[in-house]
Amino acid sequence: MTPPTPYPDTCSESVVLNLGHVVKKYRTARKVTSHAAVPTSDQLCDQPMLSSPDNALVQAQLPSLPASSSPPAAVCNVSLPPADKTPLINATFLTTAEQFWDRAYDALKTENPKLVDSYEKILSRYLDGDTGIQDDPDTRRKQMKQVIDVGLDRTSKEASLKERVGTAMDIISTAKATISLAIQNVPQASLPWAATCIALEMLANPIESARSSREGISRVIMMMDWYWSLTQPLLKRNETSHDAGHLPQMKEQLGAQIVELYKALLSYQITFVCYCYRHRGYAFLRDLINLDDWENKMEEVVDVETRVRQSFKAYTALQMTMRLEELVTSQKTDQDKQCLQDLWCTDPRVDKTRIEDTKGGLLVGSYAWILGSPQFQQWRDHSERRLLWIKGDPGKGKTMLLCGIIDELQRMSAGSDDTCLAWFFCQATDRRINSATSVLRGLIYMLTKQYPLLISHLREKYDDAGKDLFEGANACFALSKLLANMLQDPTVGTTYLVIDALDECTNDLPMLLDFFARSSSSMPHVKWLISSRNELHIEQKLRTLQDQARLSLELKQTAAHVTDAVNSYIEKKISHVYSDRPELQQKVRGILREKANGTFLWVSLVCQELDSADSLDPLSVVEDVPSGLYELYDRMMKKLPIKSRDTCRQFLSFTTLAFRPLHFAEAACLLRLPSSTGAPLQAIQRLVAMCGSFLTIQDDRVYLIHQSAKDYLSSCESGLFLSGEAAIHGEITLRSLEILKKVLHRDMYQLRKPGFSIDNVKTPSPDPLIAARYSAVYWTEHLLACGPGGSGLYLQDKGIVHTFFHEKFLYWLEALSLLRYAPKAVIALKAIQNLTSASTSPHLLEFLDDTYRFTLNHRIIDTYPLQLYSSALVFSPTCSIVRQLFSHEEPNWMVQKPEVEAGWDAY
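In this text, residue positions in the sequence shown follow the working numbering: the first is 2, and each later residue adds one.
These aren't lab readings, by the way, just hints derived from the structure by calculation.
A hint or two may mislead.
[To be verified] Restraint-style ranges between C-beta atoms, simulated for each label pair:
#	residue 1	residue 2	range
1	S384	S621	53 to 61 Å
2	L723	K573	49 to 57 Å
3	P642	S621	16 to 24 Å
4	P755	P642	49 to 57 Å
5	T841	Q339	41 to 49 Å
6	R753	Q797	32 to 40 Å
7	Q834	V365	53 to 61 Å
8	D701	A369	30 to 38 Å
9	M413	D635	39 to 47 Å
10	N835	M512	22 to 30 Å
11	V351	E536	21 to 29 Å
[Said to hold, decoys possible] Using 25 Å as the maximum straight-line C-alpha spacing, the simulated DSS-like pairs for lysine-lysine come out as follows:
#	residue 1	residue 2
12	K122	K110
13	K754	K742
14	K338	K763
A virtual CB, placed ideally from N, CA and C, is assigned to each residue, including glycine.
Start from the sequences and build out the full structure, keeping to the hints where you can.
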């Protein structure tokens, strides 16, 4: 019987089908065509299991696998035939190939001590001093190395003297080269090669060995390189996520079978050596029997080898299957990640932390009372009570109440897998979080973070619409349906959804209120908690809910509880001041309680004034301060420092009309602060301090202290907008364009390559756009806010906007792309075009039409900013105004430009 070839035969049908199914899933996930470079099941099965000797003679001597040795029918259900009830090795224990051979050698020595002892006595003849072979593995390897050196030298001399030719000499030559290379690369690999080397010496002298033994040992010798490499897949420490499931167990069993194979190989070679040396008359070999039963011995080797090969085929097939499954999962994970990035507009968890920090921390005494209120307990405990509306006047602490309730709900649901909690804080002064679409995006974002499986609902729509799902005209409608589907998912249990400051949701609020009504009637497991001012339009919408489903808690009706909470807040604020003057502290406390009128914000603003450096007489401060919130704002405006009053008023007006909180660098540029005022952050901090507590800085951004502050500043009482808000919008537009003219140029982030994806862009430090970000994104909105009358001053032929686009249009688009606002350009350009008069500004109108078509037709710039200067330009019509103005930016390496139409297609 002859040993089988080391190459695997064709994979079984079940393996092919299994791998084919995974490949199909992988292609689907990547959306690739059928010719993509993904290995097919046939290609995977055609790969050699292990490297084999590149020798024609060896190939000819290796017959194909017998039909009886077919692989298991199903890879996933394969049962590896164990070599022993207790595996000889543990895959995590063995770290080098020679350890497999050491274990095999020691096992053979235990099972057949006479044979191995005789073999070691023969080997000792090759050693200096005729010492015995040692049991210590390291010492034994050194001895085996010496045996190999002597054996190779003897084989060479004997072969050259006899000058034999033919198959035997070819085998000897090839094997010698293999042994020399193996020992050179891995000196400690001497144990298995020592037996091979001595067998070579015997093979060189046919007188010493029978014909059948020579044929068997020839095959074993020529296969030794392959046998040695068997351990490589097991020695790779690629313990990744795909090396899971059945693989560790299969790996251990396969290692045990390889040790059994090595033991059989060593037994065959050692028997061959002892057989040959017995003819030389060594007395210690006379007691050995069955040294010439070569066919049975070779059959034992073949049987073990067949089991190893079948097991290895099953192992590698399952490994490939799991690897492809991992690729599918990885691809899906990347797409899920991109989907969540596009969904994100804010992280409500971060917003909650920011709000609490801005207000000086969450005080338990300010919200503990509501946890015991009948309205809250009914809403929390009764399934039919599905919506609780907390309403009250500005500054009454509604936001901090909800922060406290959120903490309580988190405590309640801790350790529960079927309870979900999501929230959102609206803020009218921040465009990112003041619309119904933003609310829905925030809630969906939090739900998918807690229940990752829910992203399947999101992906179902996102894969078709992309980012437009979250930003288009129908975004609110689409997202409300999406959220409803997610809430109705069977995996979702009791869900608490909390929304603060609903009155500050300035866009599509009626649609959001309608969604509350629908979900409250159809989803008994969903509970809504909302807060707002007591506004009639909100109440009218909420009345559509059934009385039993709706609860409301008006803070006026719980004035005593609110007053107690405010008193606790006062105690906290003054406990650390005037502690050395208890009488003064008591008087200040009493006046604050008398004037607070249950308003947290009023207390906070007065205490800020008490903490200021110029507050030398705290008692006179609290006595003089008015008790009403708006009256307090009036007082703050009148106390603006005379020398900086104009700058402070301008700062307040810009902050009031800004579409999002300004970064301190943005604010410094818009205010045109001179360098003599110091670094931008320090200059803005001083200005904020001068503005009488209207403003605060959080995370390097300037915020209005409260929505009521914006309401006051926008009113006539503040006197900020005596010339109208349009004039301030126009001033912001003008200054924004000035900033952009100074900052914008080609390749601001040094990407250099047109194929550089926005996904790989990292904001450089320092960021060249740090002071121009707001201006780049929002100057068009301020222009539109000027209205037809005000914007006409800017939208003239050769006017400010016309000149800016002539000089900086492409660089402005690049900036928007880098800031991930490229889609905004299309909307903005169309809106400006609609605002421009054809009679007074025909050239500007023609140019705006060209810029709109240019941007609309080259959406590649959304993903690849520098494609503006290559594909976007060269594929634009030759008569395009943008192309003609920026022809100097076309790639100079492009010798022949593509042929394109002269003008744009008709609408």
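Hints, verified against the model:
no. : hint                     : in the structure
1   : S384 to S621: 53 to 61 Å : 56 Å, holds
2   : L723 to K573: 49 to 57 Å : 40 Å, violated
3   : P642 to S621: 16 to 24 Å : 19 Å, holds
4   : P755 to P642: 49 to 57 Å : 52 Å, holds
5   : T841 to Q339: 41 to 49 Å : 45 Å, holds
6   : R753 to Q797: 32 to 40 Å : 38 Å, holds
7   : Q834 to V365: 53 to 61 Å : 56 Å, holds
8   : D701 to A369: 30 to 38 Å : 34 Å, holds
9   : M413 to D635: 39 to 47 Å : 43 Å, holds
10  : N835 to M512: 22 to 30 Å : 25 Å, holds
11  : V351 to E536: 21 to 29 Å : 28 Å, holds
12  : K122 to K110             : 13 Å, holds
13  : K754 to K742             : 24 Å, holds
14  : K338 to K763             : 17 Å, holds
This entry does not satisfy hint 2, going by the numbered hints stated previously; all others are met.
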